[in-house]
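Residue numbers (my numbering), protein chains in the order written: chain A, 3 to 403; chain B, 3 to 403; chain C, 3 to 403.
Keep in mind that the hints were calculated from the coordinates and are not lab data. Here the structure is a predicted model, which is why all the values come from computation and not from measurement.
Which copy is meant is left open, so a pair is good if it fits within one copy or across any two.
Below are the DSSO-like pairs computed for lysine-lysine, each with C-alpha atoms no more than 27 Å apart in a straight line:
no.	residue 1	residue 2
1	LYS346	LYS297
2	LYS238	LYS297
3	LYS119	LYS7
4	LYS221	LYS346
5	LYS279	LYS346
6	LYS221	LYS235
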Amino acid sequence: MTTQKIDTILILSGGNSTRFKPLGHKNLFVFNGEPLIEYQLKFYGRYTDNLIVVGNEETQHAIKLYAKTHNARFVLQQGNGQGAAVASAASYIQGSVLIVNGNDLYHEPLLTDLLKKREEHNVDGLLVSVAVRDYIPGGYLLLEDSRVTGVHEKPGADNMPSQYFKLVVDYIADAQKFIAVLMRAQSHNDDLYEVALTEYLSTKNFKNVVYKSDWATLKYPWHILDATSFFLKEVKQHIGSNVRIDPTAVVIGDVYIDDGVQVYEHSKIVGPCYIGKNTIVGNFVLINQSMIGEKSVIGGYSEVTRSYIGDNVWTHRAYIGDSVVEGAANFAAGSVTANYRFDKRDVTCRIKGEKISTQRNKLGLIAGRDIQLGVNSSTMPGVMLSSGSCVQPGDVCSKDM
Amino acid sequence: MTTQKIDTILILSGGNSTRFKPLGHKNLFVFNGEPLIEYQLKFYGRYTDNLIVVGNEETQHAIKLYAKTHNARFVLQQGNGQGAAVASAASYIQGSVLIVNGNDLYHEPLLTDLLKKREEHNVDGLLVSVAVRDYIPGGYLLLEDSRVTGVHEKPGADNMPSQYFKLVVDYIADAQKFIAVLMRAQSHNDDLYEVALTEYLSTKNFKNVVYKSDWATLKYPWHILDATSFFLKEVKQHIGSNVRIDPTAVVIGDVYIDDGVQVYEHSKIVGPCYIGKNTIVGNFVLINQSMIGEKSVIGGYSEVTRSYIGDNVWTHRAYIGDSVVEGAANFAAGSVTANYRFDKRDVTCRIKGEKISTQRNKLGLIAGRDIQLGVNSSTMPGVMLSSGSCVQPGDVCSKDM
Amino acid sequence: MTTQKIDTILILSGGNSTRFKPLGHKNLFVFNGEPLIEYQLKFYGRYTDNLIVVGNEETQHAIKLYAKTHNARFVLQQGNGQGAAVASAASYIQGSVLIVNGNDLYHEPLLTDLLKKREEHNVDGLLVSVAVRDYIPGGYLLLEDSRVTGVHEKPGADNMPSQYFKLVVDYIADAQKFIAVLMRAQSHNDDLYEVALTEYLSTKNFKNVVYKSDWATLKYPWHILDATSFFLKEVKQHIGSNVRIDPTAVVIGDVYIDDGVQVYEHSKIVGPCYIGKNTIVGNFVLINQSMIGEKSVIGGYSEVTRSYIGDNVWTHRAYIGDSVVEGAANFAAGSVTANYRFDKRDVTCRIKGEKISTQRNKLGLIAGRDIQLGVNSSTMPGVMLSSGSCVQPGDVCSKDM
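Produce the complete structure using the sequences and hints provided.
Here it is, written out as structure tokens:
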């Protein structure tokens, strides 16, 4: 049986990452050994022969390369917003199109369910949603019988038109008709796309596809932890070549151990975990539900729990919990990332100067590249360190650096 | 053979606990899974059919319940001091009586030796003492031949009438006669009981029973550690139901492991120890000669040595040595209770504003309920934390809170 | 075959140790269970029947005893410098002499190579050198054909007369002739010896013996680490009597474990290591390429890496890396000797008020006797603590004490 295809799939990866600081480009974050963009190219590439990535200037060189490898076309985004992104690629789109956000993560049932629905109904379009119990900010579908008649943006908790929270997975059977509407739309704001879509679907037969598996989105830096959880669910037990696991070490559950990894005496790894190439797990180390990059050294007595650790991160007698460490960091002996407040409240972070709740009860450190924590130093929950920061020995760091 | 009985045994548990702060009520402290008062009710209950507990208002609800369970009578104490306590229960006492302090702990030979002595001599009364080498403050027996002729209160080190330090385990063959003396005694001070006893025994045939096993008394909060040692001596090896002990963990000596306990990889427990129901002992944990309550989590890399830990205490990468933690506490990663002075002197504590020597070379933290130690924080030897205290991350706490 | 002999060997151990503070006398530092001076007496004693140690007042009592044990003569040095040292012993020297520095360490090939060269050439003298790639300050040999014609002191990197860096291992066939030159020499400075040697060899047939094995010299306190590496290379696997090594402990490589040592559960020792008599290695301990003295306790969770630890050193949950701890110290829980700079540069130390590079990328603490590190305290790389120093709990010590 050949896979059903969509004429064009458009991956929107051109947004800027200003709310993602101190971390680098979302699309290039590496999970399970490959950059996010590669996962997306593979995920969607199976369902189209015309895969297009819309990217921005900052990351274009890297993303172009990945796109090429996967026989996808790279288009540089002109202007801001989703509407501008689609418009930038308009000349390469024909027939049916699926428009997805490159920073949103889905598992396999997404497209099989969508394609099945397309068969059944022979519709003009399909919107994908998740059923939510509690209100989260975003767009909600307006439904009449089984038809989607509109999308209500940020209706508020008391005013939800349905429980269907709209994802950015929009299938349109006749792409050029929709693009014509988009080009004519009278908005110069960020909501151009939404305005056009609302207009377009009001006269068409759009259906709702309810997505029922896990998903994650990367908007704020702590969302790397959501993505880590997402990707860890895909991990299968694996032991690469030239791996040395001492017989006294304990490995439990689904742990992917890449080539050249060494696990020393008495250590314990509790899956799901991903341990990147040539990484060393020292003596008396605990790693729990975490992703570790390549050439890192999780040194003696260190503990890494529910965290994302990039490449070339060295730790020694350190505790890293519910934290994101992008890469090339050094955690000296006795350094601790506190991840739980005395008052037990959700941890807050400062984004563009504004304190916002992460809605996480446990959150440790969020650190860009090349950071150092001195001996016996501590970071308070939700602290963010930009690249090159050093927390002095013995210090308690409670403010972003 | 039926056990010999005493007509009435009076457990005096009505004293207040002002010198016991920041800890709660002594009588309700739980050792080896049961409150102290239950131990006393069982210990003495075997030797009488008329067991009476004299208690105070603060704890009466709890103690009444325990008394009822053990077929004992609860009497609310009127007035202060031991004399008032006995007087409060006078109407329920007849025949022979044994008067004991509910905060003093003895092992089994106490009553068998006492009852044997009663047989041999057919005496009017028996006082129990321990032979001490060095002076400790308290009452000492005056002896003429084998007869006790008086009790000398606080004679001082140079003036001890004998080496027999009097315990509060007073047997009187004709209780009502003694009570009559007590009622007439001309003291309105705390020493009413002692005055009456001295008067009474001066004309009677009282004998000395020398107690030769371990005992402990609960006066100051650090005495919980003495009581812990006392009770740990009673511990026998036991593994409850639904217990999981990882094969890589090491359990040595007499360790009581209650139902539902989990012991993770590579941990070590060195008896005597008591581990309460559903408590979790994490990875790389060391527990040594300690008592742990229920539903506690001694988390990864934590070390607990010669300490009392109550229920719901969470520790993570913490060191707790020679310490009392009443319950519901949180010890964050890197927190340490220092238990040994640089100058190697005995540790001092502040009781009612006064600095007194604990006569302990090693003493860590004494903590009431709901305390928190932040990451990489430390407490100095002998520090006392009242309920709800938080030691901030990285701080060195050298004063009581 | 009888060993060839030299008529007299002169060990110069009379220099003062002012640049060696805060550490004690170099000659009495214990490596592999014996003081440095004993190693030298044994090393050179095999090659002469007239072994002489020139020492100073401070250490004479101890060194005299060791000399006596090894049938060597002790001579008290009069005046300063190497020339004065040789002159002090002049009346005991006859025939051939080998003059060596008691603070320089060599392996066996030194003397066998030298004696072989003596046979082959029937020379007036032999100087020993090492071939260096990069310039280090000191004397370099001037060679004409195979004859040594002079020694150029501190020529500078651009002006090296040869690659042969002169060691202090000087063989002179006719000692008294050389001493006569020394006595007449017109220098009253420290370089008297060098002046006389240069004059002497200018008219004689001196040859160069190139030493090709490891060597170490003790000038600055961190050189104890070089000496430790030197002596660890001599260590062979050994387990003494009354040793207890728990089956869960891991011992790898050449580890000398002396009598009465105990190694507790789950610990790991990676050779080369030397563990002195009756020392205890607690639970979850890591010892790596280090030398530990007698009666020390490397307590639970401690880690000792590439360090020299003397007798009676107690550590608990401490990290000691690239450090020298002379003896009788206490490292409390959470104490850390930082050994690596944030800026990754070589560590500097202060010697006589002057900051000098140790040319070591990793260097921790250098500590005299009876020092204490409080709980959760830290020392910065290259800090030196004099005897009796205490680093307060929680402090970060970045200055010498």
